[in-house]
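Novice: Kindly produce the complete structure, drawing on both the sequences and the hints.
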Amino acid sequence: MTLVGRAALLLAFAAALYAVGAALWSRRKGRREFLASAERGVWAVFAATTTSVVVMWTLLLSDRFDVADVAGYSNRTLGWRYKITALWGSQAGSLLLWMWFLSIAAVLVVITNRKRNRALMPVVVAVLMGIAVFFTSVLSFITSPFETVSPVPADGRGLNPLLQNPYMESHPPLLYVGYVGLSIPFAFAIAALVTRRLDSTWITSIRRWTILSWMFLTIGIILGSRWAYEELGWGGYWAWDPVENAALMPWLVATAFLHSVMVQERRGMLRIWNMVLVILTFTLALFGTFLTRSGILSSVHAFGESTLGPYFLALIVVVLAGSFALLISRLSALRSENSLESYISREAIFLYNNLLLVGLAFAVFWGTMFPVLSEAVQGQKITVGQGFFNQVAAPIGLALLFFTGVGPLIPWRKASPRELRRRFAWPLVIAAIAVIPALYFAQEGAHWWAAAAIVLGAFTIACIIGEFWRGMKVRHQLGGISWPGALGQLLTRNRRRYGGYIVHLGVVSIIVAIACQGAFSTQGDLALRTGQTGEVAGYQFTNEGGTRSRDDHKMSVGVALGVSEGGNRFATLNPGVDVFTAQMQRSSEVAVDTSPFRDVYVVLVGLTPDGLARISVFINPMMMWIWVGGIVMVLGSLIAVWPSRRRREAVAPAAAGADGRVRE
Amino acid sequence: MAYVLIAVISVLLVALIAWPLLRGAPADETAAQGDDLRAVEEELQRSLDAIREIEMDHRAGNLSDEDFEALDRDERARAVGLMRRRDTLASGGEA
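Heads up: the sequence lines are chains A and B, in that order. So for the first sequence, my numbering puts the first residue at 114; every next one is plus one. So for the second sequence, my numbering puts the first residue at 4; every next one is plus one.
One should not assume that every hint holds.
Interface residues of chain B toward chain A, partial, derived using beta-carbon atoms under 7 angstroms [to be verified]:
{"no.": "1", "residue": "L8"}
{"no.": "2", "residue": "I9"}
{"no.": "3", "residue": "V14"}
{"no.": "4", "residue": "L16"}
{"no.": "5", "residue": "L19"}
{"no.": "6", "residue": "P23"}
{"no.": "7", "residue": "G27"}
{"no.": "8", "residue": "D38"}
{"no.": "9", "residue": "A42"}
{"no.": "10", "residue": "E45"}
{"no.": "11", "residue": "R49"}
{"no.": "12", "residue": "R62"}
{"no.": "13", "residue": "A63"}
{"no.": "14", "residue": "L66"}
{"no.": "15", "residue": "S67"}
Just so you know, these hints were derived from the structure itself, not from any lab. Beta carbons: idealized from backbone N, C-alpha and C, even for Gly.
Specialist: Structure follows, in structure tokens:
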């Protein structure tokens with residue numbers, strides 16, 4: 114069976130190599146049958162890669178411990194769900210998953226472009242299959258998931274207990290979908306540059322791909338944070354870990370692109386800048402994959418020591434050098450159609466937002482790579498702490514929050530002062546009202562960042578709600594439809610704009626919650642014998658007895674804690690610790706009571722045989738709003754990306770008369 | 004058994020890839036011309052969307068009369084230009 118898996122990967126490699134050659138040949142000679150054959154090559158890559166994934170899952174589910182990745186990342190007691198997820202527990206398996214998603218994405222590109230972008234498709238196919246050649250060659254010749262071991266162990270080592278978590282079942286695949294999805298805009302950008310078809314066609318073709326990829330990256334990052342919060346047991350959710358940063362950087366640059374692309378569509382500006390952003394986004398996605406596999410930085414998420422680093426580094430250098438050389442050769446064809454008319458206009462706000470997002474991505478890159486750079490220059494590894502990242506991210510995050518509110522209220526091209534005063538009156542009143550509670554909460558610890566986040570959050574929400582209100586009012590008055598109907602029409606007629614506003618609501622929720630959690634969280638340690646009560650931040654915890662259990666898989670200890678506030682009992686929490694017997698590895702099972710205003714988060718540090726429980730308690734305000742914000746962002750993205758009925762139909766030439774009069 | 008399976012998969016994949024070469028060129032429209040027409044149609048659709056959005060923003064009070072007139076006039080002129088280009092391309096001419 115391993116032979117079939119290996120052969121399938123070799124076939125995928127050969128088909129990808131052929132597809133690159135046939136696609137380029139079709140472009141050079143104008144032979145359309147070679148493009149059709151190259152597109153069939155994409156299908157062949159998908160079929161072969163799918164075969165090797167199916168083989169790998171079969172090996173995992175049938176406990177074939179003669180395969181190194183099965184012996185290393187699975188065992189007999191592991192449940193079938195985690196046997197499936199063990200595929201991406203190993204380095205080779207995770208690359209196989211990457212490759213599989215790439216083949217699926219490439220097939221979708223071929224299907225959706227059967228009758229469009231025919232002049233771009235040869236280069237698009239060549240670029241996508243070029244990336245596939247890299248991954249299939251790594252999987253075939255450098256690190257195969259089908260490597261065998263001898264002698265065959267009686268049982269496997271099992272999956273890392275930290276990865277045996279529902280969030281880890283979905284977090285890595287979703288991140289990979291995001292990373293892989295970003296290769297599509299890159300392929301179209303390169304195709305536009307090569308073919309010199311630099312109008313907005315390529316932008317239109319990749320809009321949905323970019324939003325969807327960005328959405329999957331968002332879900333992946335949020336689920337990763339949720340996993341860290343529930344599984345690592347340190348009371349937080351984000352530690353500026355190199356691998357967390359690796360996912361954040363392409364997300365930030367992709368966010369910048371999603372905004373600046375609107376400026377190109379509407380005003381024909383920022384065309385070079387958009388190309389740069391697409392190239393950087395894809396390069397950073399590759400960089401993220403490189404970071405987790407190079408072994409150059411230590412992280413709880415990384416695969417440790419590996420020999421793959423130089424190969425990925427070479428790919429990144431080739432992509433960057435090739436793309437920028439091509440871009441420079443086309444600079445004259447990428448001149449803007451218009452120039453900035455005013456520094457107070459929608460396009461100017463998008464530009465400021467872009468500079469902030471890319472600036473933050475650069476700061477994160479600098480902080481992440483500083484240990485490597487300092488070691489290379491000074492011979493001493495200097496690690497950059499969370500303080501650096503927080504100091505940089507806090508002011509930039511607040512500025513972004515401000516522009517999130519301001520942007521939609523400022524028209525394209527220019528805004529008159531009278532209009533601005535009128536538009537910002539109500540949001541400023543709301544922000545002024547929010548100053549009072551913000552100062553009250555912030556004064557004790559001089560948490561001015563949190564106070565600013567609350568005020569700006571109120572301002573931005575007022576701006577967004579105002580936009581919805583004005584749009585609904587017009588529809589309500591014009592069409593005589595109900596208010597809910599007006600809202601529905603607003604969302605369906607301009608999904609991208611109003612879906613974007615909903616995403617912004619999620620962003621506000623997350624930034625304000627992060628600021629409040631950072632500023633106002635409280636931590637305390639307690640040691641309680643059975644029946645004893647202790648207090649942290651006004652909450653009382655009573656030890657109601659410990660539990661111990663054992664099965665084939667793990668040994669568990671836990672303690673039942675009655676939790677009260679002001680004498681009112683509101684929860685029983687059961688924090689515990691599991692020790693997984695296969696790896697002899699400890700894993701905290703934190704207990705959390707969630708409410709809209711705070712999380713009571715308890716970690717069991719130790720439980721002695723005589724019942725003494727040592728616990729750490731964290732009171733984390735507003736935590737729920739980070740996860741709610743993530744859900745709202747995904748909802749908004751889905752609304753923005755959902756095809757409207759008008760778009761699903763063919764473009765109706767009769768939608769406007771020759772005088773340009775538009776009928777709804 | 005594994006070798007037979009590998010041979011079958013290989014033959015199927017080669018047949019899949021080689022079929023368009025054996026069958027000859029697909030009879031679709033000229034790639035560049037079809038792409039140009041579609042690009043203009045999509046550009047026109049964006050322009051019409053922009054006109055609608057400007058009208059809605061004006062009605063919602065987001066744009067002053069003066070700003071609305073300037074933005075609306077320019078966008079309509081662009082839409083008319085795009086319609087002419089589309090008609091030329093659709094009739095088989097050079098845009």
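Novice: Give a verdict on every hint.
Specialist: For each hint, the structure was consulted:
Contact between L8/B and chain A, as hinted, is supported at the beta carbon level, the nearest pair being about 6 angstroms apart and thus within 7 angstroms. Hint status for I9/B: holds, given a least beta-carbon distance of 4 angstroms to chain A, under 7 angstroms. Because the beta carbon of V14/B sits about 11 angstroms from the nearest beta carbon in chain A, more than 7 angstroms, this interface hint is broken. Restraint check, L16/B versus chain A: the minimum CB separation of about 4 angstroms is within 7 angstroms; hint holds.
Residue-level restraint check for L19/B holds (minimum Cβ-Cβ distance to chain A is 5 angstroms; threshold 7 angstroms). Interface hint status for P23/B: upheld, as the beta-carbon distance to the closest one in chain A is roughly 4 angstroms, under 7 angstroms. Annotation: interface hint on G27/B holds; nearest CB of chain A at approximately 6 angstroms, less than 7 angstroms. Because the beta carbon of D38/B sits about 5 angstroms from the nearest beta carbon in chain A, less than 7 angstroms, this interface hint is met.
Evaluation of the A42/B hint against chain A yields a held restraint, the C-beta minimum of about 4 angstroms falling below 7 angstroms. The beta carbon of E45/B is positioned within 7 angstroms of a beta carbon in chain A (closest approach about 5 angstroms), and the interface hint is therefore held. Below 7 angstroms, beta-carbon pairs count as interface contacts, and R49/B has one with chain A at about 6 angstroms; its hint therefore holds. The beta carbon of R62/B comes within 5 angstroms of a beta carbon in chain A, closer than 7 angstroms, and the hint placing it at the interface holds.
The interface hint given for A63/B holds, since its Cβ lies 4 angstroms from the closest Cβ of chain A, which is under the 7 angstroms cut-off. Because the beta carbon of L66/B sits about 5 angstroms from the nearest beta carbon in chain A, less than 7 angstroms, this interface hint is met. A least Cβ separation of about 5 angstroms between S67/B and chain A falls short of the 7 angstroms threshold, and the interface hint therefore holds.
Hint compliance for this structure: hint 3 alone is broken.
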